[in-house]
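Number of protein chains: 4
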Amino acid sequence: MTNEAARTSVILIGGGRMGTLIAKTLEAEGGFEVLDTYGSRDAAQLDREAPRADVAIDFSNRAALPHALAYVRRTGAALVSGTTGYAPEELEQIRALGEACAVTWSANYSLGVAVLRRATEVVARGLGDWDCEIVETHHNQKADAPSGTAKLLLGAVDPAGSMEVVCGREGMVGPRGRREVGMHSLRGGTVAGTHEVHFFGTDEEVCLTHRATSRQIFASGAVAAARRIVGREPGFYTFDQLMFGE
Amino acid sequence: MTNEAARTSVILIGGGRMGTLIAKTLEAEGGFEVLDTYGSRDAAQLDREAPRADVAIDFSNRAALPHALAYVRRTGAALVSGTTGYAPEELEQIRALGEACAVTWSANYSLGVAVLRRATEVVARGLGDWDCEIVETHHNQKADAPSGTAKLLLGAVDPAGSMEVVCGREGMVGPRGRREVGMHSLRGGTVAGTHEVHFFGTDEEVCLTHRATSRQIFASGAVAAARRIVGREPGFYTFDQLMFGE
Amino acid sequence: MTNEAARTSVILIGGGRMGTLIAKTLEAEGGFEVLDTYGSRDAAQLDREAPRADVAIDFSNRAALPHALAYVRRTGAALVSGTTGYAPEELEQIRALGEACAVTWSANYSLGVAVLRRATEVVARGLGDWDCEIVETHHNQKADAPSGTAKLLLGAVDPAGSMEVVCGREGMVGPRGRREVGMHSLRGGTVAGTHEVHFFGTDEEVCLTHRATSRQIFASGAVAAARRIVGREPGFYTFDQLMFGE
Amino acid sequence: MTNEAARTSVILIGGGRMGTLIAKTLEAEGGFEVLDTYGSRDAAQLDREAPRADVAIDFSNRAALPHALAYVRRTGAALVSGTTGYAPEELEQIRALGEACAVTWSANYSLGVAVLRRATEVVARGLGDWDCEIVETHHNQKADAPSGTAKLLLGAVDPAGSMEVVCGREGMVGPRGRREVGMHSLRGGTVAGTHEVHFFGTDEEVCLTHRATSRQIFASGAVAAARRIVGREPGFYTFDQLMFGE
Numbered sequence: 001m002t003n004e005a006a007r008t009s010v011i012l013i014g015g016g017r018m019g020t021l022i023a024k025t026l027e028a029e030g031g032f033e034v035l036d037t038y039g040s041r042d043a044a045q046l047d048r049e050a051p052r053a054d055v056a057i058d059f060s061n062r063a064a065l066p067h068a069l070a071y072v073r074r075t076g077a078a079l080v081s082g083t084t085g086y087a088p089e090e091l092e093q094i095r096a097l098g099e100a101c102a103v104t105w106s107a108n109y110s111l112g113v114a115v116l117r118r119a120t121e122v123v124a125r126g127l128g129d130w131d132c133e134i135v136e137t138h139h140n141q142k143a144d145a146p147s148g149t150a151k152l153l154l155g156a157v158d159p160a161g162s163m164e165v166v167c168g169r170e171g172m173v174g175p176r177g178r179r180e181v182g183m184h185s186l187r188g189g190t191v192a193g194t195h196e197v198h199f200f201g202t203d204e205e206v207c208l209t210h211r212a213t214s215r216q217i218f219a220s221g222a223v224a225a226a227r228r229i230v231g232r233e234p235g236f237y238t239f240d241q242l243m244f245g246e
Numbered sequence: 001m002t003n004e005a006a007r008t009s010v011i012l013i014g015g016g017r018m019g020t021l022i023a024k025t026l027e028a029e030g031g032f033e034v035l036d037t038y039g040s041r042d043a044a045q046l047d048r049e050a051p052r053a054d055v056a057i058d059f060s061n062r063a064a065l066p067h068a069l070a071y072v073r074r075t076g077a078a079l080v081s082g083t084t085g086y087a088p089e090e091l092e093q094i095r096a097l098g099e100a101c102a103v104t105w106s107a108n109y110s111l112g113v114a115v116l117r118r119a120t121e122v123v124a125r126g127l128g129d130w131d132c133e134i135v136e137t138h139h140n141q142k143a144d145a146p147s148g149t150a151k152l153l154l155g156a157v158d159p160a161g162s163m164e165v166v167c168g169r170e171g172m173v174g175p176r177g178r179r180e181v182g183m184h185s186l187r188g189g190t191v192a193g194t195h196e197v198h199f200f201g202t203d204e205e206v207c208l209t210h211r212a213t214s215r216q217i218f219a220s221g222a223v224a225a226a227r228r229i230v231g232r233e234p235g236f237y238t239f240d241q242l243m244f245g246e
Numbered sequence: 001m002t003n004e005a006a007r008t009s010v011i012l013i014g015g016g017r018m019g020t021l022i023a024k025t026l027e028a029e030g031g032f033e034v035l036d037t038y039g040s041r042d043a044a045q046l047d048r049e050a051p052r053a054d055v056a057i058d059f060s061n062r063a064a065l066p067h068a069l070a071y072v073r074r075t076g077a078a079l080v081s082g083t084t085g086y087a088p089e090e091l092e093q094i095r096a097l098g099e100a101c102a103v104t105w106s107a108n109y110s111l112g113v114a115v116l117r118r119a120t121e122v123v124a125r126g127l128g129d130w131d132c133e134i135v136e137t138h139h140n141q142k143a144d145a146p147s148g149t150a151k152l153l154l155g156a157v158d159p160a161g162s163m164e165v166v167c168g169r170e171g172m173v174g175p176r177g178r179r180e181v182g183m184h185s186l187r188g189g190t191v192a193g194t195h196e197v198h199f200f201g202t203d204e205e206v207c208l209t210h211r212a213t214s215r216q217i218f219a220s221g222a223v224a225a226a227r228r229i230v231g232r233e234p235g236f237y238t239f240d241q242l243m244f245g246e
Numbered sequence: 001m002t003n004e005a006a007r008t009s010v011i012l013i014g015g016g017r018m019g020t021l022i023a024k025t026l027e028a029e030g031g032f033e034v035l036d037t038y039g040s041r042d043a044a045q046l047d048r049e050a051p052r053a054d055v056a057i058d059f060s061n062r063a064a065l066p067h068a069l070a071y072v073r074r075t076g077a078a079l080v081s082g083t084t085g086y087a088p089e090e091l092e093q094i095r096a097l098g099e100a101c102a103v104t105w106s107a108n109y110s111l112g113v114a115v116l117r118r119a120t121e122v123v124a125r126g127l128g129d130w131d132c133e134i135v136e137t138h139h140n141q142k143a144d145a146p147s148g149t150a151k152l153l154l155g156a157v158d159p160a161g162s163m164e165v166v167c168g169r170e171g172m173v174g175p176r177g178r179r180e181v182g183m184h185s186l187r188g189g190t191v192a193g194t195h196e197v198h199f200f201g202t203d204e205e206v207c208l209t210h211r212a213t214s215r216q217i218f219a220s221g222a223v224a225a226a227r228r229i230v231g232r233e234p235g236f237y238t239f240d241q242l243m244f245g246e
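Residue numbers (the UniProt record's numbering), protein chains in the order written: chain Y, 1 to 246; chain S, 1 to 246; chain D, 1 to 246; chain B, 1 to 246.
Next comes chain Y alone, as it looks inside the complex (with noise of 0.2 angstroms):
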C-alpha cells in the first residue's frame, strides 16, 4: 500500500527496551524503513560506516552522545532523541544541533502528556489565583521523586519558576501558602504512571489527569514525531510544537 519511494528511512541508536519497542513500533505503523540498530556500546559505529537516513532515532545513553550528534552533523539526518540521565552542556548541545539540523529531544513522547500540559497551561493562566497540587503515581520500584512528568507539568503551572514547591506537609502548622506547589509522590503497585494537576478554587475545583497503562505510548509518540520531523527546516523542536504546530 505505501509506495516504496514514499518511505522514511531511519537508523535506531539504542538497542535496548525502548529501542526494540520503537523498532516493532515503526513496522507496526508501515511507511518507514530501518536502515540499520546501533546498540548504545556500538555507537562509536556510526562514525564510519553508517548509511545516510531520513531520521535517526536515540533511546541509548549519555557515551552515545557524541557519535549522534558527529552523525546528525555530517548526514543532515534529523534527529529525535529520547535519551535522558544528559548534563545540561549535553542538552545544550543537542539543542545548538538544530542550527544544521531539524532536531527534537524530550523526556517525554506521550502523546497525553504533551496535550495535557498544553491544557495545564491554559488552565493555569485562566486560575492564577488559585491553589495548584500536582499528584503523581507509580509503581513501587521507581527510585526517585517527584517524576520528571511531574516537573514538566510544574513548568506549565509556574513558567517563572517563582512558586515555592512543597513536597510533604506532616506536622505543618498554619495555613497553606498563597505561592505554593504542593508535588506529591505516590508509589504502589506496577502503576505505569498517573499524574494529575488540581486546582483549587472557592467552592469550585478543575483536575487535570493522564493515566499511562503501558510504555507503547512513549515508542508511538517519538515515531509519531518522526513521521513529522522529516523534511523540515533546521531547527530545535519540543515535541509539542512538531504534534500541535506553532
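Please keep in mind that the hints were generated in silico from the structure rather than gathered at the bench. Every residue, glycine too, gets a C-beta built ideally from N, C-alpha and C. Be careful, since some hints might not be right.
Coverage of chain Y stretches by chain S, computed from C-beta distances (three or more under 8 angstroms per stretch; other residues unrestricted) [unchecked claim]: (1) 103 to 112; (2) 121 to 127; (3) 200 to 212; (4) 216 to 222.
Quick list of in silico lysine-lysine cross-link-like pairs, BS3-like style, CA-CA up to 30 angstroms [stated by the list, open to error]: (5) K24/S / K142/D; (6) K151/D / K142/Y; (7) K24/S / K24/D; (8) K24/B / K142/B; (9) K151/D / K142/S; (10) K24/D / K142/D; (11) K151/B / K142/S.
Far from chain D, some chain Y residues (derived; all Cβ distances over 10 angstroms) [claimed, not checked]: (12) L21; (13) E49; (14) E90; (15) R118; (16) G155.
Could you slot chains S, D and B onto chain Y? The hints should help.
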C-alpha cells in the same frame, strides 16, 4: 477604600435564590452600588421608573425579558444575563442587543467551567481521534439530563456537531463507533455539579474534571463578568471572552 | 406525627458553630426536645440547674469537660461527645464514664467516614500485601496535617501500628519500602474534606474515597448517634458500633 | 526451595490466551506441576488418557464442559473454572458437581474485584438509603454492556434484586427514583477494566474503585484459587470464600 465616584452602579433583575446571592456577593466584593432590585414579577416596573445604571444583572425568567431588553436599550447599560429556559429566538434577541450595548449571556458563570471548556478544546484538537466520554453528576432532584453544562462541554469536544451522542449503552452489541461521544448522567444525593470529560487513547487516557460545591461560584462569576463588561464597546461577549480576552 | 411522649429530651453543651448546627438538625429531623443549651463558657451551670435529659450532646471544649462528666454521672443521661483537643487522660475519663452511662465519642460523626473505615478494614485484610497510600485534601486554612480522619483511616489500614508512615518522598532514592504507608496532604481552596485510601497490587488497584461538601454531615451523624445511644446499657460505644451494631 | 513431593499437580483445559497466561503464572509462582494441557477442541481426550491431578483449571468454552465435568467426577480432582458464556443449566451442572468434588467458578478471578465486592456489601449495608450509581469503563472493542463485573457489583449493592436498574437518563423529566441503581458504560481506547461504585448521601459521598491494567490479574487469581481449593471438602466455593474464608 473604594472611591465613591469609581463604584459601578447596578440594577438587579430577579429576586430569587440567585438574585439574593448576587446581591450579597456584590456587597461582599465591594466597588458596586445596587441602585434597585426588581423581582421577576415586577420587571414591568423597569419600563417606567428604573434609574440608569452601569450594568443590569438579570437572573430572572422568560417573562421578564422584554422589560430587561427595553431597559438596556433605552439606558445603554451593559447586560449580564444568566436567565435560562429561553427559546432560541429569545436568545437571538439577546445576542442582537449586542449591536447597541455590551451584552453577555451564559448558562454557567463558573470560572472553573469556563476554563475547563477552553482546556477541553485544546485537548480535543490535540487528541482528535481518541474516544471521548462525558460524565456529569448532579443531585437527585435535578429534573433533566444531560446537564446544560455537559452540552456546553460537548460543544468544546465537537464544535462541528458532527458526532453521534450516545446516552446509554444497555444491551449494546459490537464495538463502540469511532464518531461517538458518550454522555452519562449520574444522579445522587446533593451533588452541586461534577463534570468529567474523558479522552481514551491506546494505553493512555486524559481526563478533565470540574467539581462545584455550591451555587456561590455562579454568583461570583456573574459579578466578575459585570466588572469586566462595564465600559466595553457594544457587542455580544461570551463569558469566556470577558474572563480571558480574545 | 411524633408522639409527644416518645420524644427524646436533649441538653446541648457548646453553643458554637457545631452546636448551632446540631440544634437546627434536631429540630429539622423531629422527635427531639432540646431542654436547654449551655455555651462552652457557661458549662459550670450544668452543676446546678441542668434538667435531666435522655442525652447530652457535647461539642464544646476541654474546659467544659468536668462539668459535662459530672452532669452525665449525676443524671444518668447518655453522652454523645464530638469535642476535640482533649489530652489522652481526658479521653480516658470519657471512656471510663462508660462504666456508669452509655457514652460515645468521635472526632468525626460523618456516616460516610464510619462506613469507609469499615470498608477500609475489609480491603486491608484482604489485600494485606498490597501497597497502601492515603491522600487527604482540605481547604487552604487548615492548620495541621495530616488530618485526624486520615489518621483514623490509617488505623483501619494498620491496626497494629506496625507500619512506617511516610509523609513526603522528595529526593527519595531507591524503591518504596514494603511496610510503608504513604500519607499525602493536599491543601487548597475551600475543600470541606476529601479522603482517599489507595491499594496498589500487580496490574490492579483499589481505591476508597470519601468526599464531604459541608459540616452538616457531622451534625447529622451526631444526631443519629444520639438517637441510637438512648436506652442502651452503660458502656463506651464507638460511633461505628452505634450505627452498624455488633 | 519447594519440596518436589509437595507440588500441586494440575491439568489445564483451554489453550487460548488465558490458558497460556495461566501456564506461565503457574510456572512463575512455583509449587505447581502441569501434567498436561488440553486445547478447547481437544477436550474429548480428557475422557480417555488424562492423568489424575490435584486440580483442573478450565478456561476453555462451553463445548468442553461435558468432558471437564466427567474428568473431575471420575478422578476427584478439584475444579477451578473461569469459562464464561454458559447457559444457566450448565452453571447449575458445575454447581451440582460440588456434591462430589471441591469446585469454584467465577467470571472474574481478580483479587481486587473480590475484595471490592466485599467492601461494596459493607458500604451498601451501612448506607442503605443513599443513592447508588455504578460506572464501568472498558476498551472500545468490548461488545456488550454493562460488563459482567458491573453486574457482580450490582449484586453486592442490591442482593435482593429489588431495585430498578437504569442504564441511561437521556431526556429524563423529574427527580431520580429512590430505588434506582444507575449503570453507566463508558467505552474507549484500550482500557482493561475500571469499575466505580458511587454512593451519594446528603453533602457527602463514598466511592469504591477498581482499576485493572492487564489480564494477568485474572490468571494470578485463578492460580491463587487453585492453591486454596486443593484439599478442601467437596462443595461449591465462591472465589471470595476461597480467598477470604467464611
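A quick look at each hint next to the structure:
With 3 residues having a beta carbon nearer than 8 angstroms to a beta carbon of chain S, the segment 103 to 112 of chain Y meets the requirement of three or more and the stated coverage holds. Residues of the segment 121 to 127 of chain Y with a Cβ under 8 angstroms from some Cβ of chain S number 5, which satisfies the need for three, so the listed coverage holds. As drawn, the segment 200 to 212 of chain Y meets chain S at 12 residues by the rule of a beta-carbon pair under 8 angstroms; at three or more, the given contact holds. Counting residues of the segment 216 to 222 of chain Y whose CB lies closer than 8 angstroms to any CB of chain S gives 3, which reaches the minimum of 3, so the coverage claim holds.
With a C-alpha separation of about 26 angstroms, the suggested pairing of K24/S with K142/D holds against the 30 angstroms cut-off. With a C-alpha separation of about 26 angstroms, the suggested pair K151/D and K142/Y falls inside the 30 angstroms cut-off, and the hint holds. Taken as a hint, the K24/S and K24/D pair is honoured in the structure, with Cα atoms around 23 angstroms apart against an allowance of 30 angstroms. With a CA separation close to 25 angstroms, the supplied pair K24/B and K142/B stays within the 30 angstroms bound.
Using a Cα cut-off of 30 angstroms, the hinted pair K151/D and K142/S is violated, with the two alpha carbons roughly 36 angstroms apart. For the suggested pair K24/D and K142/D, the alpha carbons sit about 25 angstroms apart, so the restraint of at most 30 angstroms is met. For the given pair, K151/B sits about 26 angstroms from K142/S by alpha-carbon distance, which is consistent with the 30 angstroms threshold. Against the 10 angstroms criterion, L21/Y stays outside the reach of chain D, whose nearest CB is about 19 angstroms from its own CB.
At the 10 angstroms boundary, the C-beta of E49/Y stays outside the reach of chain D, the nearest C-beta of that chain being 40 angstroms off. For E90/Y, the condition that its CB be more than 10 angstroms from all CB atoms of chain D holds, with the nearest at approximately 22 angstroms. Every Cβ of chain D is farther than 10 angstroms from the Cβ of R118/Y; the closest lies at roughly 22 angstroms, confirming the non-interface assignment. With a least CB separation of 17 angstroms from chain D, G155/Y remains clear of the 10 angstroms interface cut-off, as annotated.
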